[in-house]
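*Asks:* Next come the chains, spelled out residue by residue.
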Amino acid sequence: MARQQGWIALILALAIAAAALLFSFPLKLGLDLRGGSQLMLQVLPAGAVRSVQPEQLEAVKEVLERRINGLGVAESTLQTVGNDQLVLQLPGEQDPTRAANVLGSTALLEFKAQRPGTEQEMQGLLQLKRQATAVLNRLKGPSSANSEPTSSGLDQQSKAPQPEIKAEELARALTQLGVNVPAGSSEQQQLELLLGVVNQRIVALYEPSDLSGRDLVSAGRQQQQSGSAWDVTLSFSREGGEKFADLTRSIAGTGRLLGIVLDGRSISEASVGPEFKAAGISGGGATITGNFTADEARDLEVQLRGGSLPLPVKIIEVRTVGPSLGAENIRTSLAAGLTGLALVGVFMIVVYRLPGLVAVLSLSLYALFNLAVYALIPVTLTLPGIAGFILSIGMAVDANVLIFERIKEELRSGNTLIRSIETGFSLALSSILDGHVTGLISCIALFALGTGLVKGFAVTLAIGLVLSLFTALTCTRTILRVLMAYPSLRRPANFLSMQQLPARSS
Amino acid sequence: MSTVEMPPVRFRISRYRTVAWWGSALACLLSLVGMVLCWLSPTIGLPLKPGLDFTGGTQIQLERLCTADCSSVTANQIQERLRQLNSATVEPQSAPLPSLETAQVQLLDGGRSLLIRLPELTPEQANRVTSTLGSVLGPLNPAGTAVNTIGPTLGDQLLRGSLVSLLVSFAAIAAYITFRYDRVYAALALVCLAHDVLITCGVFAWLGLLRGVEVDSLFAVSLITVAGYSVTDTVVVFDRIREQQTTLAALPVVDQVDVAVDATLTRSLYTSLTTLLPLLALIFFGGSTLFWFAVALTVGIAVGSWSSIGVAPTLLPVFARR
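Line by line, the protein sequences give chains D and E. Everything in the first sequence is counted per my numbering, starting at 688 for the first residue and increasing by one. Everything in the second sequence is counted per my numbering, starting at 2 for the first residue and increasing by one.
Treat each hint with caution, since some may be false.
Stated by the list, open to error - Partial selection, computed: residues in chain E whose CB lies under 7 Å from chain D: (1) Q80; (2) G112; (3) V165; (4) V237; (5) L278.
In short, the hints are calculated from the structure, not lab data. Built from N, CA and C at the ideal position, the CB exists for glycine as well.
Here chain D stands alone, though its shape is the one from the complex (with noise of 0.2 Å):
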């Protein structure tokens, strides 16, 4: 009897600190219950690097960490995800746009001189940047220069004004440029078209140079002081300072241009006067003129101070969850799985009786354990999580049925109660452990093989696994042997119907 005590002890005191565990540290929720935004990122290997190397997913990480704080979202992680992946979540972000636009570019900034003998061809290609990016506002109506670029509703189209570039014009500047038009295309459509590949082109005139977004120790913004356009100033390292000078007083007074090219798009074209011939743009400071509304002047900012990425990524996966979706979730899922339980628990007691009502006693214990764990290491909750989690409770039982039943067989082969009891949880021991061990071993390969999803449920899967094996063993066990220092409760028939007994006679 001392020993049931010291066992019941143990499993109030674990009981009890299990209560406390989930009173201090709340369940951690996924995404997929409590909403947000998570964005998978592929790294991909470029140039001489053929497959990525941990150190490199490690400096593509860090780059990556620095736009996000630039971002500030609240209590986003950023997790690295086998050898080349990286999954970033932001809780309660409804929209990843602004996420995905600032992660997913390179923002390898290129600071380059004109190739002497291009300044006729630079002229035209100018002209007819202007001339698109004029229209193109004006179409997109003056009240999304300073708004996101997706508010501006399909509606703001029908009454744009007189656009200054004839349709004819357009075709021909187009079909000189090589451009095949896809058929059907809206005239906004095939000023971007146009756009891009005007930019392409000058790109294509500048020589190269070793000016990059490498040599910036910091960088700002600034409205400019007419109109609503922002700005994006630089200040270059003492290397880069030099190197920007040497650049601009090659150029000096030659009607030549200095390009500021991002990610191979060229994003502002300027002349340099006669007067830096001497000795270049000194000051180590240089503006981008590029026409930036706000939020984009402010992404560009936050991906020069965090440096170009050492390698390129590619956004794979983005999952957004609406936060009344992930309610509904959990309540409907808690509602099925304590229906579950329930029906569980009265099937227990009406085919088990007595055992059956201490079978439902420890699966209590049982979840109240595995809650304290998840909360414990802790286990991010998601949507299979809780599936793994409803079917780990199954198997839970399993356990004891199987206990029961010997013990039933035992008293039906004329046992005593307490002997039957004994030697059902003996004979029993053999196929539980079996049956635990097999499911843990799948869990162990699940884990170590399987990808996100797969490795949640093995995880909460196999805490149940080890969680069952203890409660069935000794929760059960102890609760039923101290039952049975009652003479009251110490009769078969609170274990099964009289007639399955055999006669005292035989």
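For this one, chain D is given, so just place chain E on it according to the hints.
*Replies:* Frame of chain D, contents of chain E only:
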């Protein structure tokens, strides 16, 4: 020598073993036929109809804030609106919008919420689709929106990861059973496992053919669970057979098996029932997200407990003959 008495057996499984084998063989055959038909079907072309997780693409789930009449919108209207979007605006810095010709629209809950399957979109493009549809659908509940975009490479990784982990766990389980029992037991446990997984896949192949049900990553998880459950269930019966082999050593294997199956029958049925109860609750009361997951598990576990009663033990005497 023949003094060992056969204990009373209520239910002799070996009497029904031909029926059991035929039943299982027929179910396996039907499953294979379903998967082959799926494979040959021009719209599917694979043994199971792959969902977004495997094909890649963007899925948008929207919830409307309509009060009384939600049924006025048809899927065709939405598709028409999407097509218009294709020939409308493009923002300067964005990648060109892929053709939305192939968009699939599904209306749920009497038009209150809808599910749209599109080619892979950037988050910004997905936003544009959502805001555009607002003009057809009326106000939307922003808190009830879900957008999932999955790149095509991810499905491959998921498939490969699940298959490799499944095969490795099979091998490890077979090694464990060989160590604890015997090679024949291990082989039979694997036969059972293959049987259960095949039939579960077969049911979903037919569901894919007839109802357009797709398999997603949760289905992969459920197959893995079914495999684990199947082995656990079979091992318990094997454990009982091994016990009979020492207590009833003089009896033929068929009788040992019959006694063991009879003794574990109640347990097998009760255990499946208690595992199925929460799953049935998930099917009937759970959210739509977990519905097919619960169906897959229910099928798998029902088949799994059948095979641990009717397939593995009845095959044992055939192979255990020395």
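*Asks:* Hint compliance check: list the failing hint numbers for this structure, sorted ascending.
*Replies:* 1 and 2
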